[in-house]
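Participant: Given the coordinates of chain R, assemble chain S onto it according to the supplied hints.
2 protein chains.
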Amino acid sequence: MKATIITIGDEILIGQVIDTNSAWIGKHLAELGHTIQEIVSIKDERDSIIETLDRAVQKSDWIFLTGGLGPTKDDITKKCIAEYLNVDLEFNEEVYQRIVSMFNRFNRKVSESHRIQSYMPSGGKILYNRMGTAPGLLMSKGQTKILSMPGVPYEMKAIMEDHIFPVLKNGYSQDLKVYKRTIMTAGAGETSIEDRLHTILERFPEYIKVAYLPSLGSVRIRLTSFGGSQSELDGYVSVITNILGDIVYGYDDISLSESLLNLCTSKELKIGLAESCTGGILAHKITSIAGASKYFEGGLVSYTNSLKHKLLHVQLDTLHQYGAVSEQTVIEMAKGALALLNVDVAVSISGIAGPGGGTETKPVGTTWICIANKQHHDAFKILGMKDRINNIEYSANIALNNLRKFIMRYYS
Amino acid sequence: MKATIITIGDEILIGQVIDTNSAWIGKHLAELGHTIQEIVSIKDERDSIIETLDRAVQKSDWIFLTGGLGPTKDDITKKCIAEYLNVDLEFNEEVYQRIVSMFNRFNRKVSESHRIQSYMPSGGKILYNRMGTAPGLLMSKGQTKILSMPGVPYEMKAIMEDHIFPVLKNGYSQDLKVYKRTIMTAGAGETSIEDRLHTILERFPEYIKVAYLPSLGSVRIRLTSFGGSQSELDGYVSVITNILGDIVYGYDDISLSESLLNLCTSKELKIGLAESCTGGILAHKITSIAGASKYFEGGLVSYTNSLKHKLLHVQLDTLHQYGAVSEQTVIEMAKGALALLNVDVAVSISGIAGPGGGTETKPVGTTWICIANKQHHDAFKILGMKDRINNIEYSANIALNNLRKFIMRYYS
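Line by line, the protein sequences give chains R and S. Yeah, the first sequence ends on 420 if you go by this note's numbering, and it's all consecutive. Yeah, the second sequence ends on 420 if you go by this note's numbering, and it's all consecutive.
Chain R extracted, bound-state conformation (with noise of 0.2 Å):
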């Protein structure tokens, strides 16, 4: 099947908001074998959207529309498609009941403004969406689908989900197939990764592309086969595991939270921190994942020096001496909260996440890292380069993989 997408409103064109949906459609469509032909993002005015609606339906078997059907005043995705498809927009009794029943559900009251929402073009299948008011919406032009939804991702997530995927699954398998795996990586950079296998991919074939995704602390090393098989592809995936050894933390876009998750679950760990610079995101990088419960106690988050002395018992000597950033308080803090929290491992974190605080000997960046049980504990400091949000990344990222590599190490 062939498929455009196409992103309605002005706030993306102008940068205010960045187009997340059509890289999920892509992805999703991508994984069971469709072609996208074209990510559009256009105006949301009536020229633009069908003269690109025209154009996507000359080449196209589905187009994917988001944004432009909320019950705002510059919603007229529903109007155009009905001008360009020539049918009437009618009130549609059960569209407007459903979003009656949800407001009734959170005691809010129902709008004049419901009651437009609730117009669609007929002749349309409406797709009920859980997620919020605005339902998604299916018609014809010829051979051609059109779908459109609305643009809060969630609720596009939602009616693809519900709606669409059962059906591409069924009918549209005739295309070239596409394999695809990825191999996660932590640890290493993009180009000591590349060197390393730049002799072994230049024997794979033609049809196996390999990119790079580098991110904060941590490479996506993907692999594309267009035609040849899934156990082939498998096959070089692990040639390439062999060769980066255990800087490979998973597959498929497993995250290292997830990692850590089925690793302490399996070994029967309990995990705890106590962060200062990176301010909580390593508990939330944890708790993302369900059934983080399982092994996370929790953690402190001492942002303070008289925090990290009163409840990490972290010396006041210490902090005098060597200061908050150094590797004498991170031992301390990670001893303080394997006592405090009641954890088999402990995890600390003190570093200036800038822009302020930096200083000659220790400038913005400077991050400080501790793991620890009641045996041992590795203490390293890393050096960001990056400005605030990207140092608090950066270093959380490390200390996830540090932890993955500890217990390895002691607990293999």
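Hints are supplied without guarantee of correctness; some may be wrong.
Okay, derived cross-link-like pairs now, DMTMM-like style, lysine to aspartate or glutamate, Cα gap no bigger than 20 Å in a straight line [stated by the list, open to error]: (1) K67(R) <-> E59(S); (2) K413(S) <-> D254(S); (3) K185(R) <-> E214(R); (4) K67(S) <-> E101(S); (5) K35(R) <-> D52(S); (6) K117(R) <-> D203(S); (7) K10(R) <-> E401(S); (8) K67(R) <-> D55(S); (9) K10(S) <-> E59(S); (10) K10(S) <-> E39(S); (11) K67(S) <-> E59(R); (12) K389(R) <-> E368(R); (13) K217(R) <-> D52(S); (14) K10(R) <-> E59(S); (15) K302(R) <-> E276(R); (16) K67(R) <-> E53(S); (17) K51(R) <-> D96(S); (18) K188(S) <-> D170(S); (19) K153(S) <-> D170(S); (20) K149(R) <-> D69(R); (21) K188(R) <-> D52(S); (22) K185(R) <-> D52(S); (23) K413(S) <-> E401(S); (24) K165(S) <-> D395(R); (25) K133(S) <-> D69(S); (26) K217(S) <-> E53(R); (27) K87(S) <-> E53(S); (28) K35(R) <-> E53(S).
Because the hints were derived from the structure by calculation, they are not lab data.
Facilitator: Same frame as chain R, now just chain S:
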């Protein structure tokens, strides 16, 4: 000036990479008063590139192309531009020497692919790239400028900043001026806001466009004035602010955390947290903002009942009788946090983020929040209907907004 932005690369179409380049270019062009006609992402294949270029030339003064200039095998952008403009590719000694000297500096070897990379369509202007090896390339087709840049975001940005923005600023100022303001609100839905503004917005001039940009727990109201003046637009912003009252927490993309930082430092308040279901994201949101240490003491992520009891002194009876997700528990958590962290105001959260853990009486998404100081406490329940990540994000935003309202009420 009318612009079209084209990004080239399969990795965008199949969702491996989210296109942030277009948003960045769009934002900067819009700020300079230019109009973005369309953003389009296409495959790195000849027909798509040439057809899209030709369509863009028909309706644009400038075309911004990113992607497809690196030293990789699927790099055909330059070839297509040359073909489309009917010129040859010729070896550019200056480009090659720049690569050689850059690689010498890093003690790396220049390869054959760098020679290939140094072929450029003839007649183009080469734009030096201080961040990488692939330069930008500026060509013309009739009145239309075609600018081709590498897809690596910081390389694209360097070329735009060094070579393009200065030119655009000087040469293209006869366009319509665009003024923008954004009103930041939290605690009311899009529809409720629209209902309150509906009548007044009808009296605004036609050239002022209003868009609602909802996210979890907050709505940004963006006003864009195509023409008019900044002071006129500011007047309309005041009108809207007066109507909406205390749901307005700031302007122009300030975050709730930033607004809290300003509020709490001006009142010299110290804040602490006791998080359960939100798992540290509340602390992370607060500490993402530089200067948070002026008012944020710290937080405990008490993910288990035993930590809630041991450190926050939530009574075992309370946990047993009412459960961890209850009004009684969050009140005791907040009071415990006031003492443990020695702060003026504490926020506690306990909920069922999902996907598991829901019951008939406490479905997934049920979250209790309490804001307390020594004299007062406000505890309330919210009900998300979203998935784990969204429930966590939503509760954190509601908590931040209610902390803001608590402070405005009791410390005015």
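Participant: Next step is simple, just say for each hint if it's right about the structure.
Facilitator: Consistency of the hints with the structure:
A C-alpha spacing of about 13 Å is found between K67(R) and E59(S), which places the hinted pair at or below 20 Å, so the restraint holds. For the hint linking K413(S) to D254(S), the alpha-carbon distance of about 8 Å falls within 20 Å, and the restraint holds. Taken as a hint, the K185(R) and E214(R) pair is honoured in the structure, with Cα atoms around 15 Å apart against an allowance of 20 Å. Between the alpha carbons of K67(S) and E101(S) the distance comes to roughly 35 Å, so the proposed pair goes past 20 Å and is violated.
Taken as a hint, the K35(R) and D52(S) pair is honoured in the structure, with Cα atoms around 17 Å apart against an allowance of 20 Å. With a CA separation close to 11 Å, the supplied pair K117(R) and D203(S) stays within the 20 Å bound. Restraint check for K10(R) and E401(S): not satisfied, since their Cα atoms lie roughly 35 Å apart, outside the 20 Å limit. For the suggested pair K67(R) and D55(S), the alpha carbons sit about 13 Å apart, so the restraint of at most 20 Å is met.
A threshold of 20 Å between alpha carbons decides the hint, and for K10(S) with E59(S) the separation of about 19 Å falls inside it, so the pair holds. Between K10(S) and E39(S) the CA atoms are separated by roughly 13 Å; this keeps the pair inside 20 Å, and the hint holds. Only pairs whose Cα atoms come within 20 Å are accepted, and K67(S) paired with E59(R) is accepted, the gap being roughly 13 Å. Between K389(R) and E368(R) the CA atoms are separated by roughly 16 Å; this keeps the pair inside 20 Å, and the hint holds.
For the hint pairing K217(R) with D52(S), the CA-to-CA distance comes to about 13 Å; that is within 20 Å, so the pair holds. A threshold of 20 Å between alpha carbons decides the hint, and for K10(R) with E59(S) the separation of about 17 Å falls inside it, so the pair holds. Distance restraint check for K302(R) and E276(R): the Cα-Cα separation of roughly 9 Å lies within the 20 Å cut-off, and the hinted pair is therefore satisfied. Pair hint K67(R) plus E53(S) holds up; C-alpha atoms about 16 Å apart against a cutoff of 20 Å.
Distance restraint check for K51(R) and D96(S): the Cα-Cα separation of roughly 36 Å exceeds the 20 Å cut-off, and the hinted pair is therefore not satisfied. With a CA separation close to 25 Å, the supplied pair K188(S) and D170(S) exceeds the 20 Å bound. A distance of roughly 17 Å separates the Cα atoms of K153(S) and D170(S); the hinted pair therefore holds under the 20 Å criterion. Between the alpha carbons of K149(R) and D69(R) the distance comes to roughly 10 Å, so the proposed pair stays at or under 20 Å and holds.
The suggested pairing of K188(R) with D52(S) holds, with an alpha-carbon distance near 19 Å, which does not exceed 20 Å. At most 20 Å may separate the alpha-carbon atoms for a hinted pair to count; K185(R) and D52(S) meet this at roughly 19 Å. Between the alpha carbons of K413(S) and E401(S) the distance comes to roughly 19 Å, so the proposed pair stays at or under 20 Å and holds. A threshold of 20 Å between alpha carbons decides the hint, and for K165(S) with D395(R) the separation of about 17 Å falls inside it, so the pair holds.
Only pairs whose Cα atoms come within 20 Å are accepted, and K133(S) paired with D69(S) is accepted, the gap being roughly 17 Å. About 12 Å separates the Cα atoms of K217(S) and E53(R), which keeps this hinted pair within 20 Å; it holds. Among the hinted pairs, K87(S) with E53(S) is consistent with the structure: their alpha-carbon atoms are about 10 Å apart, no more than 20 Å. In summary, the hint linking K35(R) to E53(S) is supported, as the alpha carbons are separated by about 19 Å, within the 20 Å threshold.
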